[in-house]
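FYI, in the working numbering the residues of the sequence shown are 127 to 476.
There may be inaccurate statements among the hints.
[Stated by the list, open to error] Taking CB as the label site, the calculated pair distances span: (1) Pro226 x Gln174: 26 to 34 Å; (2) Gly426 x Asp129: 36 to 44 Å; (3) Gln174 x Asp232: 55 to 63 Å.
[Stated by the list, open to error] In silico DSS-like links for lysine-lysine, alpha-carbon gap of 27 Å or less: (4) Lys144 x Lys134; (5) Lys227 x Lys168; (6) Lys161 x Lys276; (7) Lys369 x Lys331.
None of these hints come from the bench; they were simulated from the model. Positions of the beta carbon are idealized from the N, C-alpha and C atoms, including for glycine.
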Amino acid sequence: MCDIQPYKNQVYETLKKKYNSQNLFVDSEFPATNKSIYHSGKSLNDVQWHRPPIVFRRPEFVIDGYQRGDLDQGEIGNCWFIAGAGAVTLNPDLLQRVVPKNQSFDAKDYAGIFHFRFWLYGQWYDVVIDDQLPFHSDGRLVFCHNKKTKNEMWSPLLEKAYAKLCGSYEAMEGGFTTDALIDMTGGIEEAFELNNPSTATSDFKEQVKRVLWQAYLRKSMLGCSITADPKITEARLSNGLVKGHAYSITRVADVTTNSGSITLIRCLNPWGNETEWNGKYSDNSKAWDEISNEEKQELGVHALHDGEFWMSFDDFFVNFHQLHICHRGPASLGTTEADANVCTWSNLFR
Numbered sequence: 127m128c129d130i131q132p133y134k135n136q137v138y139e140t141l142k143k144k145y146n147s148q149n150l151f152v153d154s155e156f157p158a159t160n161k162s163i164y165h166s167g168k169s170l171n172d173v174q175w176h177r178p179p180i181v182f183r184r185p186e187f188v189i190d191g192y193q194r195g196d197l198d199q200g201e202i203g204n205c206w207f208i209a210g211a212g213a214v215t216l217n218p219d220l221l222q223r224v225v226p227k228n229q230s231f232d233a234k235d236y237a238g239i240f241h242f243r244f245w246l247y248g249q250w251y252d253v254v255i256d257d258q259l260p261f262h263s264d265g266r267l268v269f270c271h272n273k274k275t276k277n278e279m280w281s282p283l284l285e286k287a288y289a290k291l292c293g294s295y296e297a298m299e300g301g302f303t304t305d306a307l308i309d310m311t312g313g314i315e316e317a318f319e320l321n322n323p324s325t326a327t328s329d330f331k332e333q334v335k336r337v338l339w340q341a342y343l344r345k346s347m348l349g350c351s352i353t354a355d356p357k358i359t360e361a362r363l364s365n366g367l368v369k370g371h372a373y374s375i376t377r378v379a380d381v382t383t384n385s386g387s388i389t390l391i392r393c394l395n396p397w398g399n400e401t402e403w404n405g406k407y408s409d410n411s412k413a414w415d416e417i418s419n420e421e422k423q424e425l426g427v428h429a430l431h432d433g434e435f436w437m438s439f440d441d442f443f444v445n446f447h448q449l450h451i452c453h454r455g456p457a458s459l460g461t462t463e464a465d466a467n468v469c470t471w472s473n474l475f476r
């Protein structure tokens with residue numbers, strides 16, 4: 127058996143029974159104070175901690191299922207976490223292990239307490255939080271949020287639980303997409319440096335394409351990034367991409383053009399805005415005219431400023447510097463929530 131351990135010895139089921147809508151849970155282990163945002167002692171202006179029912183007339187835990195577009199990055203440099211969580215939403219069987227069922231803001235069930243699960247050092251932990259979140263005075267969430275469906279709360283609560291695991295929101299500044307993916311799946315990392323002159327050969331390029339396709343078909347989680355400029359944080363390039371920024375890869379597809387078959391890659395910028403690739407196969411690119419309407423419809427091609435975009439594998443290989451893959455490891459096998467407690471392996475490193 128792979129027991130799920132309560133983080134900080136806070137047992138969700140026990141605590142849930144003690145509280146209700148008239149007596150809400152308050153998490154003393156991760157208090158609604160500046161210390162939970164900045165462990166370094168810095169402060170953020172115009173921040174007030176509120177529970178969602180105070181700000182929204184009808185908050186919902188999740189609306190119309192878990193979608194990759196539900197997570198938009200807030201005012202902290204944790205694009206790697208947002209990109210990773212977005213990638214996990216593409217695998218519902220993995221997401222339900224991280225986001226347990228039967229959580230809501232319904233009055234009959236609401237007690238101000240929620241929980242999420244993460245893989246840490248060879249062990250699954252259940253992290254309990256209260257639902258006090260940092261807001262600005264105008265009602266905007268400071269950190270992760272859903273721009274389109276503002277009253278959907280699962281993504282900011284997931285981020286808060288991970289911040290608690292890290293020690294603060296500030297501790298999430300900077301990281302790799304695979305860090306988040308491993309912590310949400312228990313998977314195994316594989317990484318490729320795409321811009322290394324010693325390996326940037328046609329054979330290597332074909333190897334990367336083959337590995338990318340295999341990983342996608344096996345439902346591994348995929349991310350990519352461009353090496354940061356040490357002088358400029360998240361510098362925007364003329365092609366619409368951003369240096370030092372993490373993207374998730376949400377689809378790989380082969381399509382037929384007038385010139386033959388090509389491989390396309392769909393990426394998602396966790397900013398969820400118009401900051402997208404603007405080259406070939408971008409939202410308004412004329413290159414789409416060479417692809418049939420049937421294929422475009424199957425790919426779901428659209429021209430929305432939502433951070434998601436297509437590009438050719440050739441452009442992907444040239445413009446991105448790192449490819450991150452999180453393969454399903456022993457800890458992420460299984461297709462139901464009950465599988466979280468079933469184990470067919472043992473950890474030899476404890």
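Outcome of the hint check:
For the hinted restraint 26 to 34 Å between proline 226 and glutamine 174, the CB-CB distance of approximately 28 Å keeps it satisfied. Range check, glycine 426 to aspartate 129: about 41 Å between beta-carbon atoms, so the 36 to 44 Å window is met. Taking 55 to 63 Å as the suggested C-beta distance range, the pair glutamine 174 and aspartate 232 does not conform, at roughly 25 Å. Between the alpha carbons of lysine 144 and lysine 134 the distance comes to roughly 18 Å, so the proposed pair stays at or under 27 Å and holds.
The straight-line distance between the Cα atoms of lysine 227 and lysine 168 is roughly 36 Å, outside the 27 Å bound, and the hint therefore fails. Proposed proximity of lysine 161 and lysine 276 is supported: the alpha carbons are some 26 Å apart, at most 27 Å. A C-alpha spacing of about 21 Å is found between lysine 369 and lysine 331, which places the hinted pair at or below 27 Å, so the restraint holds.
Figure legend: structure checked against the earlier numbered hints; hints not met, in rising order: 3, 5.
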